[in-house]
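Novice: Read off the chains here:
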Amino acid sequence: AQKVTQAQTEISVVEKEDVTLDCVYETRDTTYYLFWYKQPPSGELVFLIRRNSFDEQNEISGRYSWNFQKSTSSFNFTITASQVVDSAVYFCLWGAGNMLTFGGGTRLMVKP
Amino acid sequence: EPEVTQTPSHQVTQMGQEVILRCVPISNHLYFYWYRQILGQKVEFLVSFYNNEISEKSEIFDDQFSVERPDGSNFTLKIRSTKLEDSAMYFCASSEGVGNQVGETQYFGPGTRLLVL
Numbered sequence: 001a002q003k004v005t006q007a008q009t010e011i012s013v014v015e016k017e018d019v020t021l022d023c024v025y026e027t028r029d030t031t032y033y034l035f036w037y038k039q040p041p042s043g044e045l046v047f048l049i050r051r052n053s054f055d056e057q058n059e060i061s062g063r064y065s066w067n068f069q070k071s072t073s074s075f076n077f078t079i080t081a082s083q084v085v086d087s088a089v090y091f092c093l094w095g096a097g098n099m100l101t102f103g104g105g106t107r108l109m110v111k112p
Numbered sequence: 001e002p003e004v005t006q007t008p009s010h011q012v013t014q015m016g017q018e019v020i021l022r023c024v025p026i027s028n029h030l031y032f033y034w035y036r037q038i039l040g041q042k043v044e045f046l047v048s049f050y051n052n053e054i055s056e057k058s059e060i061f062d063d064q065f066s067v068e069r070p071d072g073s074n075f076t077l078k079i080r081s082t083k084l085e086d087s088a089m090y091f092c093a094s095s096e097g098v099g100n101q102v103g104e105t106q107y108f109g110p111g112t113r114l115l116v117l
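For the protein sequence lines, the chains are Y and P, in the order given. My numbering numbers the first residue of the first sequence as 1 and each following residue consecutively. My numbering numbers the first residue of the second sequence as 1 and each following residue consecutively.
Careful, some of the hints might be misleading.
Part of the chain P face toward chain Y, derived, beta carbon under 8 Å [as the list claims (entries may be wrong)]: (1) Tyr31; (2) Ser48; (3) Ser55; (4) Glu56; (5) Phe61; (6) Phe91; (7) Val102; (8) Gly103; (9) Thr105; (10) Gln106; (11) Tyr107; (12) Phe108; (13) Pro110; (14) Gly111.
Worth flagging that the hints you see were computed from the coordinates, not collected in a lab. Bear in mind the structure is a predicted one, so any value in this text is a computation, not a measurement. Where a beta carbon is used, it is the ideal one built from N, C-alpha and C, also for glycine.
So here's chain Y without its partners, still in its complex pose (with noise of 0.2 Å):
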């Protein structure tokens, strides 16, 4: 069954650090997504990006940036001079049907 390991539980940085959030999965399906959404204080869940299994390029939006990596089933995120409007628990996620797995989060912790 696949399953989605976020190692890092918490993270504390202070401002305008970079930070990596680490994300690695494990499947035996050829086909897939994998995906970054956002759950600030307030709850909601935001959508960051959604990669297929087929796409490794490198993707960067602003201060954020996403690896894939296939050989080590990796999709790990890098927020570039952080804020602390960035404090939010950060979940990776894998799908190939209608349902998506979810990591347990790793909870970003951004100091003035």
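Mind docking chain P on chain Y? Use the hints.
Specialist: Then chain P, alone, in the frame of chain Y:
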């Protein structure tokens, strides 16, 4: 920007009571989902719904749970006889459901926090 809405935001109920959690998915979406997050634990898939029937469900989604699309806009999750362990945040989500539906992006509502006493 269209969004998924959920009501109520908080619900407190007594053990054994029935609760109905309501969701309004994004209007042109065809796939609907329920997930739950017990405090301090992972978000877990409960059920997906398409074309007025359940598409997939997890082991958690037992006979005490049911889903319904009573009209053209609402999507509900009913828990027949609540237990203490049903206390959780319940998230509704929807996705477009067109073309290849594999791994579609799901857009989540703000959640309903259910507390069973």
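Novice: Does Glu56(P) pass the interface hint, meaning its C-beta sits closer than 8 Å to a C-beta of chain Y?
Specialist: This hint holds: Glu56(P) lies near chain Y, its Cβ roughly 5 Å from the closest one there, short of 8 Å.
Novice: With chain Y as the partner, please determine if Phe108(P) meets the hint condition of a C-beta pair closer than 8 Å.
Specialist: 4 Å, holds
Novice: Would you settle whether the hint for Pro110(P) is holds or violated, based on the nearest Cβ-Cβ distance to chain Y being less than 8 Å?
Specialist: Since chain Y brings a Cβ to about 4 Å from Pro110(P), closer than 8 Å, the hint holds.
Novice: Should the interface hint for Ser48(P) be scored as holding, given a Cβ-Cβ cut-off of 8 Å against chain Y?
Specialist: For Ser48(P), the interface hint holds, since the closest Cβ of chain Y sits about 4 Å away, which is under 8 Å.
Novice: Was the hint right that Tyr107(P) lines chain Y, CB cutoff 8 Å?
Specialist: Holds. Min distance 6 Å.
Novice: Given a cut of 8 Å on the nearest C-beta pair, is the interface hint for Gln106(P) held or broken against chain Y?
Specialist: 6 Å, holds
Novice: Under 8 Å is the threshold here; is the Cβ of Thr105(P) close enough to any Cβ of chain Y for the hint to stand?
Specialist: 5 Å, holds
Novice: Are Phe61(P) and chain Y close enough, Cβ to Cβ, to be under 8 Å, as the hint says?
Specialist: Hint on Phe61(P): violated, closest Cβ of chain Y at ~11 Å, above 8 Å.
Novice: Less than 8 Å between beta-carbons is the criterion; does Tyr31(P) satisfy it with respect to chain Y?
Specialist: Tyr31(P) check passes; min Cβ-Cβ to chain Y is 6 Å, inside 8 Å.
Novice: Answer holds if the nearest beta-carbon of chain Y is closer than 8 Å to that of Phe91(P); otherwise answer violated.
Specialist: 6 Å, holds
Novice: Have a go at the Val102(P) hint: is there a Cβ in chain Y nearer than 8 Å to its own Cβ?
Specialist: 6 Å, holds
Novice: Does Ser55(P) pass the interface hint, meaning its C-beta sits closer than 8 Å to a C-beta of chain Y?
Specialist: 5 Å, holds
In summary, the one numbered hint that this structure violates is 5.
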